[in-house]
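Based on the provided sequences and hints, a complete structural model is requested.
Protein chains in written order, with our numbering: chain A, 1 to 215; chain B, 1 to 215.
Certain hints may be false.
No copy labels: a pair is met if it fits in one copy or bridges any two.
DSS-like, lysine-lysine: derived pairs with alpha carbons at most 25 angstroms apart [to be verified]:
no.: 1; residue 1: LYS22; residue 2: LYS89
no.: 2; residue 1: LYS22; residue 2: LYS144
no.: 3; residue 1: LYS144; residue 2: LYS89
no.: 4; residue 1: LYS2; residue 2: LYS89
The set of hints was computed from the structure by calculation and includes no laboratory data.
2 protein chains.
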Amino acid sequence: MKHYSYFRSSAAYRVRIALNLKGVDYEQVPVNLVTAQQQAQAYLALNPQGLVPALELEDGTILSQSMAILEWLEDTYPAPELYPADATKRALMRSFCSNIACDVHPLNNLSVLNYLRDELGADERQVAAWYSHWVCRVFDAAEKQVATGNGKFCFGEAPSMADCLLIPQMYNALRFNVAVTPYPTLLTIYAHCTALPAFAAADPLRQADNPDQLS
Amino acid sequence: MKHYSYFRSSAAYRVRIALNLKGVDYEQVPVNLVTAQQQAQAYLALNPQGLVPALELEDGTILSQSMAILEWLEDTYPAPELYPADATKRALMRSFCSNIACDVHPLNNLSVLNYLRDELGADERQVAAWYSHWVCRVFDAAEKQVATGNGKFCFGEAPSMADCLLIPQMYNALRFNVAVTPYPTLLTIYAHCTALPAFAAADPLRQADNPDQLS
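In structure tokens form, the structure reads like this:
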């Protein structure tokens, strides 16, 4: 299985965490978004949408969109379970995940920030305010949702899909200097999860395509 | 079961279609987004995110986020199936759905368009260009994905989750005057599906909270 990834893509980071948690063997194929490799013919032939992540299955099928890939991993490698078995609890977790996957990430990815700059003339202060606005709108709700938990994981006693979504989003929020002090529980979960092997191995700082890769 | 809905919300429209396809009995509760009822205390007490749709289950649990609700409906009311049984085909359909749910809708909803106007000073021409840009980026790919089909449904011989996502997005694209002539197959599917009872009953024009409701 091949995972087309860019070290800093938070959607690819989600998939790396899930692959590691499931113990799935995969080959990482870097796609450099800064040099627009995702728009090169070779990559578009694989994934016409020109986005990462993409997962190439053994039979050559290409899956795109991180949420579809995460659901496929759960369907195909059920252990360890990343969703609760109970349908209502699973729906509540999918709702938590959608808040990040739909209501933060798409608004803050590189193509959107560049549109703000190039087409709407936004300056860097305005871009940063935009970025923070959408993160905080969802983190305000997320902090309340996890505040009654154990501070180790978003929900329950083991890593779940919610953690696969939260950790990369928090990584991005810190990278973009979002004021995260109102989110102490989210930060505690972040500190706990990023120290676990499956998350640590998925960290952007540890990816081979990161020019500042940690050893 | 109660469905908190606004006639024009395309995310609520998705859920109405799926409820109708599954033959689930539900009470529609209108939440007027134009008068900001979703930000009123009464609604925030139910759904702290202040978004529609939300589904109130018989036990009082509130599910938010349309994609989580759609997955819950599929888990809880398996017939008729809205996803393929095969895991890879299901992943490919989830990818199609995510393209719309993640890469179009969140960028074009009312709160974002208002942010462009109010915070970034975008004029109506710029807002319309923004709207079209994100629709067309995804419709370009979607048209190719469905072009080899039967022109009745996105995939296969029966309505699926893909149609639940496409139809409301096309409705919105038409409402915002997006140039949709490059998408003949998507338009044919739209014409076919909107004539079917489950889709017609979900149409914004037929909702009781639409001031221009058709009889």
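Okay, the hints, checked on the actual structure:
1. LYS22 x LYS89: both (21 angstroms within a copy, 21 angstroms between copies)
2. LYS22 x LYS144: Neither way: LYS22 and LYS144 sit 28 angstroms apart in one copy and 33 angstroms across, limit 25 angstroms.
3. LYS144 x LYS89: within (17 angstroms within a copy, 36 angstroms between copies)
4. LYS2 x LYS89: between (31 angstroms within a copy, 18 angstroms between copies)
Comparing the model with each numbered hint stated earlier shows that hint 2 is the single one that does not hold.
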